[in-house]
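Each residue of the sequence shown is one higher than the one before, starting from 1 at the first, in UniProt numbering.
The hints are simulated quantities; they were obtained by calculation from the structure and are not laboratory data.
These figures come from a predicted structure and were not determined experimentally.
Glycine is no exception: its CB is placed at the ideal position from the N, C-alpha and C atoms.
A couple of the hints might just be wrong.
Per label pair, the in silico range of CB-to-CB distance [what the hints assert, rightly or not]:
(1) Ala17 to Asn90: 32 to 40 Å
(2) Gly268 to Arg105: 15 to 23 Å
(3) His143 to Met266: 18 to 26 Å
(4) Glu256 to Glu53: 44 to 52 Å
(5) Thr277 to Arg57: 49 to 57 Å
(6) Glu190 to Thr91: 46 to 54 Å
(7) Arg57 to Ala17: 15 to 23 Å
(8) Leu168 to Ala52: 27 to 35 Å
(9) His200 to Gly164: 34 to 42 Å
(10) Leu175 to Leu20: 16 to 24 Å
(11) Ala17 to Met266: 41 to 49 Å
(12) Thr277 to Glu53: 15 to 23 Å
(13) Arg150 to Asp205: 49 to 57 Å
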Amino acid sequence: MRTPSVGRHQEIARLRAAVLAAGSGAGRFVLVSGPAGIGKSWLTDRAAELAAEAGMRSTRGNAVDDVGMPPLWPWRRAARSLPELTAALNTVTEPGRGAAERQFRMFTEVADALTAAAAPTGLLLILEDLHWADPTSLALLGHVAAHTDRAQLLIVATAREPAGETLLAYEPDWLRLAHTQLISVGPLSEQDVRYWLECHGLRTDYAARVHARTDGNPLLVRLVIESDPAQSDDPLVAVPGFRRLVLTQLDRLSAEDVDILGAASMLGERIDVDVLTAVVTTVGDPPQRGTPGETSARTEHRGSPAEDGRGGARTVGRAAAC
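With the sequences and hints as input, model every part of the structure.
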């Protein structure tokens with residue numbers, strides 16, 4: 001099922017502007033961030049379509065959640081269709097040079113190779129899932145991004161929120177670049193969900209229920225629509241494999257965070273942090289134990305309605321408790 005362009009018109013407009021700017025020689029670096037399932041990869045696909053319409057070449061690479069991933073893996077994946085990039089990544093320097101100097105030489109060769117490859121029609125480089133990337137890949141991205149402003153090069157990278165410590169060490173330097181744009185992708189509105197249901201000929205009176213249970217997460221909305229929300233009073237119950245999907249997300253959290261989410265899932269739609277704290281805090285708990293406030297800071301994503309205690313964590317916690 002192809003996902004319709006629902007609730008993403010502003011993001012697409014910004015990507016289109018970045019494509020046009022890069023094509024004219026004013027390169028751009030666009031960082032697309034958001035929680036899992038929010039539609040980051042969908043936006044990179046739209047960026048590739050826009051680039052093709054403008055006559056630009058494109059290539060993409062991605063990091064993977066695998067301890068065996070070698071350094072520079074996202075870049076080497078992107079280099080499959082760019083021989084000049086492969087050559088730059090394999091730059092051999094003179095014997096006797098220090099590690100830092102050798103790395104700088106390789107970084108410079110990569111930046112020069114991409115600038116040359118981008119001429120004369122433009123080049124789109126997509127790097128996905130940078131929350132799993134190795135430090136060398138992130139450092140190389142920063143070096144290349146710093147040199148894109150006068151090239152026909154558009155870099156679109158994706159990363160999950162909240163960012164991990166490794167990514168946070170590099171992200172501020174990227175955002176300080178004048179030609180960097182941050183697209184923080186938030187949840188769909190109830191109106192967006194209603195339009196999506198309408199596009200697939202489904203009853204739009206389920207929009208409020210679907211939106212409430214998915215928190216507007218496009219991945220969950222799509223799964224609900226594919227399974228037909230009319231099959232159950234709870235739209236998520238009818239989704240095959242949904243519980244397994246949720247448990248996979250919980251596996252990435254600490255034991256303390258899982259305990260807090262489990263307690264929160266029992267407190268209803270609106271969560272009072274003081275009540276939640278009383279539930280999860282017991283006499284004799286070690287002082288380093290996570291608190292609801294700390295967990296919220298780790299799990300809350302930009303764009304979620306944090307003021308009433310609701311967000312993606314609520315859906316995850318309640319579904320896991322089912």
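Against the structure, the hints:
no., hint, verdict
1, Ala17 to Asn90: 32 to 40 Å, "holds, 35 Å"
2, Gly268 to Arg105: 15 to 23 Å, "violated, 59 Å"
3, His143 to Met266: 18 to 26 Å, "violated, 49 Å"
4, Glu256 to Glu53: 44 to 52 Å, "holds, 49 Å"
5, Thr277 to Arg57: 49 to 57 Å, "holds, 54 Å"
6, Glu190 to Thr91: 46 to 54 Å, "holds, 52 Å"
7, Arg57 to Ala17: 15 to 23 Å, "holds, 19 Å"
8, Leu168 to Ala52: 27 to 35 Å, "holds, 33 Å"
9, His200 to Gly164: 34 to 42 Å, "holds, 36 Å"
10, Leu175 to Leu20: 16 to 24 Å, "holds, 22 Å"
11, Ala17 to Met266: 41 to 49 Å, "holds, 46 Å"
12, Thr277 to Glu53: 15 to 23 Å, "violated, 52 Å"
13, Arg150 to Asp205: 49 to 57 Å, "holds, 53 Å"
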